[in-house]
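All chains, please: the whole structure from these sequences, using the hints.
Going left to right, the sequence shown walks through residues 1 to 154 as the UniProt record's numbering numbers them.
Hints are computed from structural coordinates only; laboratory data are not their basis.
Among the clues, some could well be false.
[What the hints assert, rightly or not] Think about it this way: if two alpha-carbon atoms lie no more than 27 Å apart in a straight line, the pair counts; the simulated DSS-like pairs of lysine-lysine are:
no.: 1; residue 1: K83; residue 2: K73
no.: 2; residue 1: K68; residue 2: K83
no.: 3; residue 1: K73; residue 2: K59
no.: 4; residue 1: K40; residue 2: K50
no.: 5; residue 1: K58; residue 2: K68
no.: 6; residue 1: K83; residue 2: K99
no.: 7; residue 1: K58; residue 2: K73
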Amino acid sequence: MADAFLEKATSAVNEAKESVTATAETTTETARSALTDAQKTVEASTETVKTEAEAAPKKASDLSTQAKDAVDKGLSRGIEGAKSLLQAFEEKSSDISSKLVGGVTNLVSGASSSTVASRDLPVSTDNQPLLASGEKTPWWKNCCGVLDFFKKDT
Numbered sequence: 001m002a003d004a005f006l007e008k009a010t011s012a013v014n015e016a017k018e019s020v021t022a023t024a025e026t027t028t029e030t031a032r033s034a035l036t037d038a039q040k041t042v043e044a045s046t047e048t049v050k051t052e053a054e055a056a057p058k059k060a061s062d063l064s065t066q067a068k069d070a071v072d073k074g075l076s077r078g079i080e081g082a083k084s085l086l087q088a089f090e091e092k093s094s095d096i097s098s099k100l101v102g103g104v105t106n107l108v109s110g111a112s113s114s115t116v117a118s119r120d121l122p123v124s125t126d127n128q129p130l131l132a133s134g135e136k137t138p139w140w141k142n143c144c145g146v147l148d149f150f151k152k153d154t
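In C-alpha cells:
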C-alpha cells in the first residue's frame, strides 16, 4: 500500500510538473508575443517621430515664409492705400487752393470798392477814444514812472 501511495504521489507530482511546465510555456509564449508586438509598436512610433522631426524644420520654414509673405502683402497694400490717399489729398488741396485764391481775390476787390465807398461817407465823431491809438505807450515804458521822470528832467 505504501508503494501504491508512493506511485500515486509520484504520478500527481509528474502531472503537476507537466501542468506547470505547460502553463509556463504558454505564459512565456504570451509574454514573447506581447514583447514582440510592443517592440513593433515602438519601432513604428520611432519611425513616425523621426519622419515628423525631419519634416518639422521644413514646416517651420514654410510657415515663416508664409508669415513673411503675409506681412509684405499687408505692408504693400498699406503703402498703396496711403499713396492713393495722399494723391486724393493733393488733388483736393489744389482745388481748395484755387478756391481760396478766388475767394481772396473777391474779398480784396470787394474791400477796395468798400474803402472807396467808405471815403465818401461822413465820419461820426461820437464815441471816439480820448487818446489816439498811436499815442498809447507800452507797459514797459510805464514801469513805476521812471522813464517819465527822466523824460521830464531833460
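Next item on the list: Output the numbers, in ascending order, of every earlier hint that fails for this structure.
Entry: none
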